[in-house]
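S.K.: Modelling step: build the complete structure from the supplied sequences, incorporating the hints.
Protein chains: 2
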Amino acid sequence: MIVKKLTDAPAVELEAYQNVTKRVVLGAADGSGEIALRHFSLGPGGASPYHTHPFPHLVRIEAGTGVIVDPDGAEHPLQPGDYIYVPDNERHNLRNTGPDPFDFICIVPARGEQPACLTPADDDS
Amino acid sequence: MIVKKLTDAPAVELEAYQNVTKRVVLGAADGSGEIALRHFSLGPGGASPYHTHPFPHLVRIEAGTGVIVDPDGAEHPLQPGDYIYVPDNERHNLRNTGPDPFDFICIVPARGEQPACLTPADDDS
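From first to last, the protein sequence lines are chains A and B. For the first sequence, the residue numbers in the working numbering are 241 to 365. For the second sequence, the residue numbers in the working numbering are 241 to 365.
The list that follows gives simulated cross-link-like pairs (lysine to aspartate or glutamate, EDC-like), each with its CA atoms no further than 20 Å apart: (1) B:K245 to A:E315; (2) B:K244 to A:D328; (3) B:K245 to A:D322; (4) B:K244 to B:D343; (5) A:K244 to A:E274; (6) B:K245 to A:E302; (7) B:K244 to B:E274; (8) B:K245 to A:D310; (9) A:K244 to B:E315.
Rather than coming from a laboratory, the hints here were simulated on the basis of the structure. Keep in mind it's a predicted model, so treat the numbers as computed, not measured.
M.R.: Written out as structure tokens, the structure is:
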């Protein structure tokens, strides 16, 4: 088994995004071949693209305040302790609406975590 | 998409365990057919059985203090913010070592979350 802390996972600045830092906390490098657990920190004004992908998201909000935008463009407010399920191919994005970092963990099946896919065009967030 | 809070998920007392409450926060009932996210709260003295199962665990400690026991019987101390990966078929258990509830989320592939399997003999925790 592996026991680790968030800061044991390298932080990657997603420059093609808007003010977003990502860490793959538990993933293929840890032997987790089925599921990946990633941590995202969106700085003030930070957002993921409004996008779709053929895999689900399971999300838990960790810190800060933000919204998730649904396929109709409606914004759902989020706070720490909230959980979200986004099905495959459902359009969404997450956006920081507060002055502090907006942090969340985002769990995906392994096919959703591909190191080469860090641009909005081949998005994995 | 579904946005929910921990308390939106029914709490189940696992009486065959030792002082453990479980909530399936995101799972099949939410449309999540690949991955389940469960929340466990172990009261003082609470523990899961020392057991194995043919699926992995991805764990994040939420509150309290405890340990995870590895296949050699060694105890690894845990605190909020720690992450754990337990591979398929690796013996382990989690135990509360403090005076307060020891809470964690535990993510499994769908085959690891079967409602009928709530006894130690057919364990899913």
